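J.: Please model the entire structure based on the sequences and the hints provided.
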Amino acid sequence: MLIELERRKQPSRTMLYLTPVIAVLSTMFAGAVIFTLIGHDGIGAVREIFITPLIDPYKWQDLGIKAAPLILIACGLAFGFRANVWNIGAEGQYVIGGLAGTGIALATWGMEGWWILPLMCLAGMVGGALYAAIPAFLKTRLQVNEILSSLMLTYVSIQLLYYLMRGPWKDPDGFNFPQTRLFTDSQILPEIIPGTIVHLGVPLALIIVLIAWIVLDKSVFGFQIRVVGAAPAAARYGGFSAKKTIWAAMLIGGGFAGLAGIFEAAGPFGQMVPQFPTGYGFTAIIVAFLGRLHPIGIILAGIILAVSYVGGEIAQTSLGLPNAAAGIFQAMMLFFLLATDILVRYRLKFSSTVTSGDAS
Numbered sequence: 001m002l003i004e005l006e007r008r009k010q011p012s013r014t015m016l017y018l019t020p021v022i023a024v025l026s027t028m029f030a031g032a033v034i035f036t037l038i039g040h041d042g043i044g045a046v047r048e049i050f051i052t053p054l055i056d057p058y059k060w061q062d063l064g065i066k067a068a069p070l071i072l073i074a075c076g077l078a079f080g081f082r083a084n085v086w087n088i089g090a091e092g093q094y095v096i097g098g099l100a101g102t103g104i105a106l107a108t109w110g111m112e113g114w115w116i117l118p119l120m121c122l123a124g125m126v127g128g129a130l131y132a133a134i135p136a137f138l139k140t141r142l143q144v145n146e147i148l149s150s151l152m153l154t155y156v157s158i159q160l161l162y163y164l165m166r167g168p169w170k171d172p173d174g175f176n177f178p179q180t181r182l183f184t185d186s187q188i189l190p191e192i193i194p195g196t197i198v199h200l201g202v203p204l205a206l207i208i209v210l211i212a213w214i215v216l217d218k219s220v221f222g223f224q225i226r227v228v229g230a231a232p233a234a235a236r237y238g239g240f241s242a243k244k245t246i247w248a249a250m251l252i253g254g255g256f257a258g259l260a261g262i263f264e265a266a267g268p269f270g271q272m273v274p275q276f277p278t279g280y281g282f283t284a285i286i287v288a289f290l291g292r293l294h295p296i297g298i299i300l301a302g303i304i305l306a307v308s309y310v311g312g313e314i315a316q317t318s319l320g321l322p323n324a325a326a327g328i329f330q331a332m333m334l335f336f337l338l339a340t341d342i343l344v345r346y347r348l349k350f351s352s353t354v355t356s357g358d359a360s
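Going by my numbering, 346 is the number at position 346 of the sequence shown; the sequence numbering is gapless.
The hints are simulated quantities; they were obtained by calculation from the structure and are not laboratory data.
Hints should not be assumed to be uniformly reliable.
Listed next, the in silico DSSO-like pairs over lysine-lysine satisfying Cα-Cα at most 27 Å (straight line) [unchecked claim]:
1. K218 / K243
2. K244 / K218
3. K349 / K9
Pairwise CB distance ranges, derived in the manner of DEER restraints [unchecked claim]:
4. P322 / F175: 43 to 51 Å
5. L142 / A233: 20 to 28 Å
6. L142 / I43: 46 to 54 Å
7. M152 / P118: 50 to 58 Å
8. N176 / D217: 49 to 57 Å
Bear in mind the structure is a predicted one, so any value in this text is a computation, not a measurement.
All residues carry an ideal CB built from backbone N, CA and C; glycine is no exception.
T.: Dropping the structure here:
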């Protein structure tokens, strides 16, 4: 019996929006089964990873801190993905943005002034955008695949981080630990809720995403992004430049990732350390697709993935799950999302006949 995929004439719009929910529920079920089979409390793992962070008020601040960079990076990636530009190197742009902002912090260390933190954020955005400009240049001038170039540049950024932490930027008073000086009060994102770790970057990320929503859905530029991605021939006929769109999409994605990087450096970290690459740039890809490349959906998806991060930490201490548990659930979420997307756009066709070409 042969199984073929037959394209549906019109995919169900309702199912397109339901597939993220189905993917999350399928992930919870499959995760419970898998962790039970390998000797862990599977149901407990699902409870600790997906439920406890939502019902424990003390963990809500952690959700905000984790969700903000994911939402910000994913929103920037959505510009590119809608234009069929595949920026997979947001993690590297996140690192470079953090390094660029840290460079300003070290240059102004010991100074005071309201202008220092905005300058650090601007440097983070510019650093991330310039790093994303490299694969944009390679794509538009040399037709180099942006997936490969942006991904490989991630590892270059991490090696640069290690070099700076162990060399020029090492804290002279840090007992030889590979890290920079601690940022001063003028270089730290202020807390918006006293007594918590929720910093100014959290509401700023939400505001930026809402602005991106308006740009994507209500502006000519957003229309250009969608047309270039969905119908390149129509875009050329309408006078939209594919090369300019690639540049714009890559620079926006890199700028958003770089801003998220400096938000992390000036927020939870308070300095630059070798452990700065946390995988947010890669996880944000899942967030973007789980949110259907729509800013509002990305906010919800970012919260879901933040829940998996925080829940994974809880499960490590309460159930003794491995550190990779959260990553396993995140990977399964992407797998189920892609699988359900295929079933929405295609139907399974079973055939028992074999053609002469197949027989040969």
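J.: Would you mind marking each hint as holding or not holding in the structure?
T.: Hints, one by one, checked against the model:
1. A C-alpha spacing of about 22 Å is found between K218 and K243, which places the hinted pair at or below 27 Å, so the restraint holds.
2. For the hint linking K244 to K218, the alpha-carbon distance of about 19 Å falls within 27 Å, and the restraint holds.
3. For the given pair, K349 sits about 14 Å from K9 by alpha-carbon distance, which is consistent with the 27 Å threshold.
4. Between P322 and F175 the Cβ separation comes to about 31 Å, which falls outside the hinted range of 43 to 51 Å.
5. Here the CB-CB span from L142 to A233 is close to 23 Å, well matched to the stated 20 to 28 Å.
6. The hint said 46 to 54 Å for the Cβ distance between L142 and I43, and at roughly 52 Å that hint holds.
7. Look at M152 against P118: about 32 Å separates their beta carbons, and that is not inside 50 to 58 Å.
8. In this structure, N176 and D217 meet the distance hint of 49 to 57 Å, their C-beta atoms being roughly 52 Å apart.
Against the hints set out earlier in the document, violations occur for numbers 4 and 7.
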